[in-house]
Amino acid sequence: MEIVVLVKQVPDTEAMIQIAEDGVSLKTEKITWIMNPYDEFAVEEALRIRASLGGRVTVLALGPESTVTAIRTALAMGADKGIHINDPAAEGSDSLSTGKILAAALKDIPYDLIIAGQRAMDDDGYQVGAAVAEYLDIPQISMVIKQEIVGGKIICHRTEDGALVTVESDLPVLFTTQRGLNEPRYVTFPNILKAKKKPVEIKTLEDLGIDPQTVGPAGQKVTIVALHSPPKRIGVRMLVRETDQENAAELVRILSEKVNVSRA
Amino acid sequence: MSSRVLVITERQDGSFGKVTYEALSEGRRIADCINAEVTVAVLGDCREADALELEEYGADTILLAEIASLSSYGTDSYVNVLEKLAKELRPQIILLGATDHGKDLAAQLSARLDAGLAMECTGIKLENGEFTFTRPMYGGKVIADIKIKGYPKIVAVRPNVMKMEINRRKAVIKDLAVVVGKGRTLVIGKKVQSEGKINLTEADIIVSGGRGTRGDFGPIEALASLLDGGVGASRAAVDAGWRPHNDQVGQTGKVVSPTLYIACGISGAIQHLAGMSTAKYIVAINIDSEAPIFAKSDFGITGDLFKVIPAIVNELRTKFPATGISRPLCPAAVSIALF
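Going down the list, the sequences are from chains A and B. So in this note's numbering, spot 221 of the first sequence is number 221, and the numbers just go up one at a time. One rule links them: number in this note's numbering = place in the second sequence (from 1) + 1000.
Please keep in mind that the hints were generated in silico from the structure rather than gathered at the bench. Errors might be hidden in some of the hints.
Claimed, not checked - Heads up, simulated DSSO-like pairs for lysine-lysine below, C-alpha to C-alpha not over 27 Å straight-line:
no., chain 1, residue 1, chain 2, residue 2
1, A, Lys232, B, Lys1147
2, A, Lys258, B, Lys1280
3, A, Lys27, B, Lys1296
4, B, Lys1319, A, Lys258
5, B, Lys1319, A, Lys221
6, A, Lys258, B, Lys1163
7, A, Lys30, A, Lys232
8, A, Lys27, B, Lys1147
9, A, Lys221, B, Lys1087
10, A, Lys221, B, Lys1147
11, B, Lys1125, A, Lys232
12, A, Lys258, B, Lys1087
13, B, Lys1087, B, Lys1170
14, A, Lys146, B, Lys1197
15, A, Lys221, B, Lys1125
16, B, Lys1190, A, Lys146
17, A, Lys221, B, Lys1191
18, B, Lys1191, A, Lys146
19, A, Lys107, A, Lys30
20, A, Lys107, A, Lys81
21, A, Lys232, B, Lys1280
22, A, Lys258, B, Lys1149
23, A, Lys153, B, Lys1182
24, A, Lys30, B, Lys1197
25, B, Lys1296, A, Lys232
26, A, Lys153, B, Lys1170
27, B, Lys1307, A, Lys258
28, A, Lys107, B, Lys1280
29, B, Lys1182, A, Lys146
30, A, Lys232, B, Lys1163
It should be emphasised that the depicted structure is a prediction, and the values quoted were computed from it without experimental measurement.
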């Protein structure tokens, strides 16, 4: 099985996010970068599939220099090789352009299965997986919480608004991960060292035959025109009566004024 | 040349999901600003009489494709049908709800039509003839205003945000002739996991529990049930195996926007806050007065949730004795309730 995993580097979810002076980007100095958590599930699942069916796991990422850390983490988890699309002209690409760039790279990579995170924790777009599948003309199955591969077919169980839906498809397919798919393994120090020897190919837009004017800022269909901080709450009002009963009474009184509280 | 807004409905267990009415209401408001007509596409299991309900919320034309093979959602079949429809109708805006089904559909339709998409949109503005769409990013830590180039512009609205608004019209209902074709994926099973459970992303009230429950969600469930609210969980509670993944509220779980969120025994990690920070009112109950959650709440009680929650339950029972009428909460903030 040739498995390709799409990974992205995103700010640590515990990070304090601050808007930069230009009002349309973030301050990046204090940010710790991590592999997108939903991509960790993807790498882990790929490794498990390789363990049971044999084959190779390739990690593909689009991003600046720092993205190499996410690739190296995937290699340390056990992936076989990495491909890093690193081209400044690609920066600022929206979801469709990102999908287009990744799909162009995938045209030269053998794959039976592509696994991606359901969304990236920075843009929360949910789009790139579907875009890549569309440009490759393969089916996509999103939010997969469990999968089995049996004789050239994949059976995916996906979460869909409170239901578990089972979907079957021939390979190749692209599926995106849902929390609960697996528990990603920890990276051990010996594996980090081993990973340094694994190959990482670097590609540019020119290598992929992509005209920079169709991606990056020039190619944006979706443009951020302003970033704001969410409205702040005015500050907590602690209820500090003597007893739990008094606090409960106070709370219910407040809520019934603000929210039309009644019993079901 | 007439402008058009296309709204894609979603059927959930034989009725339209609440988010469908929200999307349609927003579509009506947009259409009124740009002098457009609102066309609603109903795919799947819906009788004409039920489809006509959509008149109440502003539909001008209802296209009904009541075909067996569309009765349950399949990405390919829906995307193929909607691609063809979008190319025929050439709407300026396409609206749908950002449910799991909607996100899946919107993402693929966006790529299929090469149309920009505002995913999980929480607001739409029209200024000088240009649309600006607001949506959260970085788990809600940043709110982004975006513009979309070209048409159609696809907007997947976050559930429980856009106001439902009655705007009755006389709608024309037509059959939508579709050729579904063979999908590349086949749905071979569907199991409803949350039988009777309230959908957290649509809930007006959520009571959530965390590490402080020590695994006992009894009080949380009792309070939620009394308020007709949903039950959520922090990542700690899910990781400990006390609650299913489906119940997790947080950046890697569900993002919810209820009117009231009561966090019990939850410390308030940033990744949890990202899942509920847009709640209108946040109440926190925690034994630790220094818990970070208090800083992000509107009201807080320091105490043992196993004592505080029963006190609240008791107070509710005393203040609001059972009327025998089951009536979900109707917060003043929501203009028209469905119920």
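Each hint, compared with the structure:
| no. | hint | verdict |
| --- | --- | --- |
| 1 | Lys232(A) with Lys1147(B) | holds, 25 Å |
| 2 | Lys258(A) with Lys1280(B) | holds, 10 Å |
| 3 | Lys27(A) with Lys1296(B) | holds, 23 Å |
| 4 | Lys1319(B) with Lys258(A) | holds, 16 Å |
| 5 | Lys1319(B) with Lys221(A) | violated, 54 Å |
| 6 | Lys258(A) with Lys1163(B) | holds, 18 Å |
| 7 | Lys30(A) with Lys232(A) | holds, 22 Å |
| 8 | Lys27(A) with Lys1147(B) | holds, 22 Å |
| 9 | Lys221(A) with Lys1087(B) | holds, 18 Å |
| 10 | Lys221(A) with Lys1147(B) | holds, 8 Å |
| 11 | Lys1125(B) with Lys232(A) | holds, 22 Å |
| 12 | Lys258(A) with Lys1087(B) | violated, 46 Å |
| 13 | Lys1087(B) with Lys1170(B) | holds, 25 Å |
| 14 | Lys146(A) with Lys1197(B) | holds, 22 Å |
| 15 | Lys221(A) with Lys1125(B) | holds, 18 Å |
| 16 | Lys1190(B) with Lys146(A) | holds, 14 Å |
| 17 | Lys221(A) with Lys1191(B) | violated, 38 Å |
| 18 | Lys1191(B) with Lys146(A) | holds, 14 Å |
| 19 | Lys107(A) with Lys30(A) | violated, 37 Å |
| 20 | Lys107(A) with Lys81(A) | holds, 17 Å |
| 21 | Lys232(A) with Lys1280(B) | holds, 11 Å |
| 22 | Lys258(A) with Lys1149(B) | violated, 41 Å |
| 23 | Lys153(A) with Lys1182(B) | holds, 17 Å |
| 24 | Lys30(A) with Lys1197(B) | violated, 41 Å |
| 25 | Lys1296(B) with Lys232(A) | holds, 8 Å |
| 26 | Lys153(A) with Lys1170(B) | violated, 48 Å |
| 27 | Lys1307(B) with Lys258(A) | holds, 24 Å |
| 28 | Lys107(A) with Lys1280(B) | violated, 47 Å |
| 29 | Lys1182(B) with Lys146(A) | holds, 24 Å |
| 30 | Lys232(A) with Lys1163(B) | holds, 22 Å |
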